[in-house]
Structure formats: C-alpha cells, structure tokens
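Colleague: Using the sequences and the accompanying hints, generate a full structural model.
Protein chains: 2
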Amino acid sequence: MSNQFELRLSGAGGQGLLLAGIVLAEAGILDGKFATQTQSYGPEARGGASKSEVIISDSEIDYPEVRTPNLTLALTQEAADKYISKDIINGIIVVDERVEIDPAIKYEKLIRVPIIKTAKNKIGKAIVANIVSLGIIVEATNIVSKEAMESAILNRVPKGTEKLNRMALESGYELAK
Amino acid sequence: MSNQFELRLSGAGGQGLLLAGIVLAEAGILDGKFATQTQSYGPEARGGASKSEVIISDSEIDYPEVRTPNLTLALTQEAADKYISKDIINGIIVVDERVEIDPAIKYEKLIRVPIIKTAKNKIGKAIVANIVSLGIIVEATNIVSKEAMESAILNRVPKGTEKLNRMALESGYELAK
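In the order they appear, the protein sequences are chains A and B. Take the first sequence: its position 35, counted from the start at 1, is 32 in my numbering, and no numbers get skipped. Take the second sequence: its position 121, counted from the start at 1, is 118 in my numbering, and no numbers get skipped.
No lab work stands behind these hints: they were computed from the structure. Treat the hints with care, as some may be off.
Only some residues are given here: those of chain B computed to face chain A with a beta carbon under 10 Å [to be verified]:
| # | residue |
| --- | --- |
| 1 | Ala22 |
| 2 | Ile26 |
| 3 | Ala32 |
| 4 | Thr33 |
| 5 | Gly39 |
| 6 | Pro40 |
| 7 | Glu50 |
| 8 | Ile58 |
| 9 | Asp59 |
| 10 | Pro61 |
| 11 | Glu62 |
| 12 | Pro155 |
| 13 | Thr158 |
Per label pair, the in silico range of CB-to-CB distance [unchecked claim]:
| # | chain 1 | residue 1 | chain 2 | residue 2 | range |
| --- | --- | --- | --- | --- | --- |
| 14 | A | Gly29 | B | Glu94 | 44 to 50 Å |
| 15 | B | Lys122 | A | Gln74 | 42 to 48 Å |
| 16 | B | Thr158 | A | Gly121 | 24 to 30 Å |
| 17 | B | Lys122 | A | Ser56 | 36 to 42 Å |
| 18 | A | Tyr104 | B | Lys106 | 34 to 40 Å |
| 19 | B | Asp99 | A | Tyr104 | 48 to 54 Å |
| 20 | A | Arg95 | B | Thr158 | 33 to 39 Å |
| 21 | A | Gly29 | B | Asp99 | 28 to 34 Å |
| 22 | B | Glu171 | A | Tyr60 | 36 to 42 Å |
Computed list of lysine-lysine pairs in DSS-like fashion (alpha-carbon distance at most 25 Å, straight line) [claimed, not checked]:
| # | chain 1 | residue 1 | chain 2 | residue 2 |
| --- | --- | --- | --- | --- |
| 23 | A | Lys174 | A | Lys103 |
| 24 | A | Lys143 | A | Lys106 |
| 25 | A | Lys156 | B | Lys156 |
| 26 | A | Lys122 | B | Lys143 |
| 27 | A | Lys156 | B | Lys122 |
| 28 | A | Lys106 | A | Lys79 |
| 29 | B | Lys156 | B | Lys174 |
| 30 | A | Lys143 | A | Lys122 |
| 31 | A | Lys174 | A | Lys160 |
| 32 | A | Lys160 | B | Lys156 |
| 33 | B | Lys114 | A | Lys156 |
| 34 | B | Lys160 | B | Lys114 |
| 35 | B | Lys114 | B | Lys174 |
Ideal placement from N, C-alpha and C gives every residue a C-beta, glycine not left out.
Modeller: Have a look at this one:
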C-alpha cells in the first residue's frame, strides 16, 4: 500500500476549491506529513470547471502532479465530466447528489450526497459547500485527523465565520457516515 | 524561445508567498493565458523556508512542476540557500538586499534590492513584502500586464487594504527600474 494519497477537488469557479485544497494540505502538515497543493487554470477558468489537487504523503513528494487520484470530488456535472472521466479510477468518488456518473467509470466507492443542498439549507450559505466536502473527505478517508482539519480551517477562514464553518464541517462528517 | 515561463517564489513561512503565487497565476489568466500554482509543504513548513511555484504559458501546461525557473525570488537567506542552489539557473534572480548569493550560481540577471525594508519603512507593513516582490517581478519580466496584476491583487487582498497594496506594488515597480 502506498503511503501517498492523491486528491482532486473539482467544481465550478467560485466554489472555494482552491481554499479547500490549501486547507487540506495544511491539515496534512499539522499531522506531521508532507503535502503539495496545485491549482491549474485555463482561460476558461472564470465560471467554468475548476480543479485543485492535493497530495499528502508520509515522505517527500517528488512530483506535485496528481495522476491517479485516490479520491476525486466533483461538485458540478461539468467538473465530473471533465475531471472524472479522464482517469482510470481505482479510488473514491465524492459527488453532489445532482451529478450523474458515466456508468463506464470504475471506482471502489461512490459517495453521492446532497453537498450543495446541505450547505445552502442546513448551514444557510452555499459557499460552505467546500467545507462540507472536506468533512466528507475526512470522514471517508481519515487522510488527515479531525483535529488537524479543524485547526487548518480555523487558520484560513475569515474571522467571524468560525462557527458557520465548524457546522459545515460537521455536516460533512454526518453525510459520509 | 519557449512560451512557458516558470517562477519560484521563496521565503519564510508567513511571508505571504502562497498568496503571491495565487495572485500571479490569476493575473496570467486575466491576460488570457494558462497558469498553474503549486505549493509544497514539508513538516518543517512552520517558520522554515517556504516556496510557491507558478507557471504561466500561452498553451496548456502538461506538468505543473517547475524544473528550471526562469525567475527565482528569495526573501530570506535560508530560502536562497535551499531553493536557488539546487537548480542550474539561466534566468533572473530576485533577492532581498540582505541575502547573499553563492558566487558559484549562474544567472542572467540579479536584482538585489531592499524588498523587506521598503515594505516595512515605506509602506509601514512588513507583510506586504510579497506584493512589493510582485511589482519587481512584473516590471522586470512583463510576464503579466500591470492591469492584470492590479486586478488580481484587488480580487484577493482583504477589503480596506487596497490602497496599501497598490502602494506596495508601485514600490516594487520602482525598485526594479
């Protein structure tokens, strides 16, 4: 078993996936691991599909490029079509309930849950869908500890939004159970 | 001549180089180019040397890894020792005035200027050394337009700090002239 875990977080521009990638990498560091976080942008970045990639490893990471993600998150259909189908998936797929997965895609585990609806209706802010997603990822993989994830989030979110983000994270834990 | 430009931004943790990398990549996008931004963290990341890498290209970027930077920024001696010496440099080196460069290192151009002192004394906030650095990089390379850089900074800095950051950017332009 490899001690390197690769994640691809995808969705629409403006869904906070860059922040999610940074927080996840920083949580890995708080757990004493190595991490890389990569954001790739094309001219279509504004509004179109966006992805953020993270590698967390017990040892130094040679190449920051994610090739066969152990986990792929897709919050929108466009992101799923663009970023899931291109790889041979042997890992976990996490998608919003509204996303349809091509039946040809192979995976070990699919988690299809109401991420955006939970952010919007339960927390009251669609923008925290990224934090709900992090909760799902942590609960499903244990790739970082819950303590590290909570600290990493509190280090990066705007002052005054701590409680909201903590609720979003906990809703993510619940969705993955 | 390659149409791909690779940059490595290094310094100490807490100097805002992740933000500088994100802003630079986003400025590239505003100019209609492709970009990647990668942050690598080791367990020593807290307080130690930190680096953020950016690639800006006219066409899609195959590998987000910076191998032979066209420009390397180092704000601290530790970062210069760690991140300049490892590469064969054929490009531009930008360092703070207090940083000594190993005489064995080859470069096309060295810009050694008071980045941190300018941030601290002229702008009044050491934390804007990252934005002063961006001003130097833009003036020295034209890798992104000044209009795109200004918009990208204003998109990312906290509300209320726009004027401060604009001054920091302009001080960087002046230092590189």
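Colleague: State for each hint whether it applies.
Modeller: Verification of the hints:
1. Because the closest C-beta pair between Ala22/B and chain A is about 6 Å apart, less than 10 Å, the hint holds.
2. A least Cβ separation of about 5 Å between Ile26/B and chain A falls short of the 10 Å threshold, and the interface hint therefore holds.
3. Contact between Ala32/B and chain A, as hinted, is supported at the beta carbon level, the nearest pair being about 5 Å apart and thus within 10 Å.
4. For Thr33/B, the shortest C-beta to C-beta distance to chain A is roughly 5 Å, which falls under 10 Å, so the interface hint holds.
5. Taking 10 Å as the C-beta cut-off, the interface hint given for Gly39/B holds, the closest approach to chain A being about 5 Å.
6. Look at Pro40/B: its Cβ gets to within about 5 Å of chain A, closer than 10 Å, so that hint holds up.
7. Annotation: interface hint on Glu50/B holds; nearest CB of chain A at approximately 8 Å, less than 10 Å.
8. For Ile58/B, the interface hint holds, since its Cβ comes within 10 Å of a Cβ in chain A; the closest pair sits about 7 Å apart.
9. With a least beta-carbon distance of about 9 Å to chain A, the hint placing Asp59/B at the interface is held under the 10 Å criterion.
10. Evaluation of the Pro61/B hint against chain A yields a held restraint, the C-beta minimum of about 5 Å falling below 10 Å.
11. For Glu62/B, the suggested interface contact is upheld, since its CB lies about 6 Å from the closest CB of chain A, less than 10 Å.
12. The beta carbon of Pro155/B comes within 8 Å of a beta carbon in chain A, closer than 10 Å, and the hint placing it at the interface holds.
13. The interface hint given for Thr158/B is broken, as the beta carbon of that residue sits about 13 Å from the closest beta carbon of chain A, more than 10 Å.
14. Judged by the Cβ atoms, the range 44 to 50 Å given for Gly29/A and Glu94/B is violated: they are separated by roughly 35 Å.
15. For the pair Lys122/B and Gln74/A, the beta carbons lie near 44 Å from each other, so the given range of 42 to 48 Å is met.
16. Evaluation of the 24 to 30 Å hint for Thr158/B and Gly121/A yields a pass: the beta carbon distance comes to about 28 Å.
17. For the hinted restraint 36 to 42 Å between Lys122/B and Ser56/A, the CB-CB distance of approximately 37 Å keeps it satisfied.
18. For the pair Tyr104/A and Lys106/B, the beta carbons lie near 50 Å from each other, so the given range of 34 to 40 Å is not met.
19. A hinted range of 48 to 54 Å holds for the C-beta pair Asp99/B and Tyr104/A, which are about 49 Å apart.
20. The given range of 33 to 39 Å is respected by Arg95/A and Thr158/B, whose C-beta atoms sit roughly 38 Å from each other.
21. Separated by about 31 Å at the C-beta atoms, Gly29/A and Asp99/B satisfy the suggested range of 28 to 34 Å.
22. For the pair Glu171/B and Tyr60/A, the beta carbons lie near 38 Å from each other, so the given range of 36 to 42 Å is met.
23. Pair hint Lys174/A plus Lys103/A holds up; C-alpha atoms about 22 Å apart against a cutoff of 25 Å.
24. For the given pair, Lys143/A sits about 21 Å from Lys106/A by alpha-carbon distance, which is consistent with the 25 Å threshold.
25. For the given pair, Lys156/A sits about 13 Å from Lys156/B by alpha-carbon distance, which is consistent with the 25 Å threshold.
26. In summary, the hint linking Lys122/A to Lys143/B is not supported, as the alpha carbons are separated by about 35 Å, beyond the 25 Å threshold.
27. Restraint check for Lys156/A and Lys122/B: satisfied, since their Cα atoms lie roughly 20 Å apart, inside the 25 Å limit.
28. With a CA separation close to 19 Å, the supplied pair Lys106/A and Lys79/A stays within the 25 Å bound.
29. Restraint check for Lys156/B and Lys174/B: not satisfied, since their Cα atoms lie roughly 29 Å apart, outside the 25 Å limit.
30. For the proposed pair Lys143/A and Lys122/A, the alpha carbon gap of about 22 Å is at most 25 Å, so the pair holds.
31. A C-alpha spacing of about 22 Å is found between Lys174/A and Lys160/A, which places the hinted pair at or below 25 Å, so the restraint holds.
32. The suggested pairing of Lys160/A with Lys156/B holds, with an alpha-carbon distance near 21 Å, which does not exceed 25 Å.
33. This hinted pair does not check out: Lys114/B and Lys156/A have alpha carbons roughly 29 Å apart, beyond 25 Å.
34. A hinted pair counts as satisfied when its Cα atoms are at most 25 Å apart, and Lys160/B with Lys114/B qualifies at roughly 19 Å.
35. For a cut-off of 25 Å, the pair hint linking Lys114/B to Lys174/B stands: about 17 Å separates their Cα positions.
Hints 13, 14, 18, 26, 29 and 33 from the list above are not met by this structure, while the remaining hints are.
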